[in-house]
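*Asks:* Each chain is listed here by its residues.
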Amino acid sequence: MPVIEISQSIDARGLSCPMPIVKTAQTVKAIPSGAAVELLATDPGSIKDVAAWCRATGNELVEQTSDGAVYRFVIRRK
Amino acid sequence: MEQPLNLVLFSGTDDKLQAAAVLTAGAAALGKPVNIFLQYWALESFRADRIAEDHGLAPEAGAAGRIAVDDLAAAGQASWAETLRQAKELGEVDIQACSLSMDLLKLEQTDLDPLVDGVEGVTAFYLNADEGRIVFI
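Residue numbers (this note's numbering), protein chains in the order written: chain D, 1 to 78; chain Z, 1001 to 1137.
None of these hints come from the bench; they were simulated from the model.
Every value quoted in this text rests on a predicted model; they were computed, and no experiment measured them.
A couple of the hints might just be wrong.
Counterexamples of contact, computed for chain D against chain Z with all Cβ distances above 10 angstroms [said to hold, decoys possible]:
id, residue
1, Gln8
2, Met19
3, Val22
4, Thr24
Quick list of in silico lysine-lysine cross-link-like pairs, DSS-like style, CA-CA up to 27 angstroms [claimed, not checked]:
id, chain 1, residue 1, chain 2, residue 2
5, Z, Lys1032, D, Lys48
6, D, Lys23, D, Lys48
7, D, Lys78, Z, Lys1032
All C-beta atoms in this analysis are idealised placements derived from N, C-alpha and C, irrespective of residue type, glycine included.
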């Protein structure tokens, strides 16, 4: 598997719905196609929301991990 | 073109406006256009001189609801006005004041916060709503 270079990190820890997705959409809009961002969130809704947002917008959810209360996602722009 | 989400906001309490702002920001993040039509007490809450004030909560909130809402705000939750601002930056969100409610409240567009894009009647709202669903809050 190729190594994914993360061009930006979004710290949405402590933010409630829908801010993690709003910040993700803002950031992904500003990066070139093929580039990836990392999102850190504590909103439990973000697990389903990030997956749904990626499905709806065609961006790729490359990674999803959890470190206790913090969820980490890597999203690559289509 | 994707059908818009159409919100008719009637209530002016902070909890209902927060719920509307969350729906709006979610739709904007998905690239869905949103039309918001402000009537009655919702419009009153968009007055430039009152938008940042406390607009109270729906009666069912009660004292415990008040505490819960205050706790979330203290934890850094963005206000409904800020959430709407971000939604407008992100996507296609059009906020219109109902002309009848403008008359009722004796308002001019210059009395309203810049979040409000204009004043229209219900016919224009329906035309823009097209086949998209209409939600009344």
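*Asks:* All hints are to be evaluated individually against the structure, with a verdict given for each.
*Replies:* Hints, verified against the model:
no.	hint	in the structure
1	Gln8	16 angstroms, holds
2	Met19	6 angstroms, violated
3	Val22	5 angstroms, violated
4	Thr24	7 angstroms, violated
5	Lys1032(Z) to Lys48(D)	18 angstroms, holds
6	Lys23(D) to Lys48(D)	16 angstroms, holds
7	Lys78(D) to Lys1032(Z)	18 angstroms, holds
The structure fails to meet hints 2, 3, 4 from the earlier list, while all remaining hints are met.
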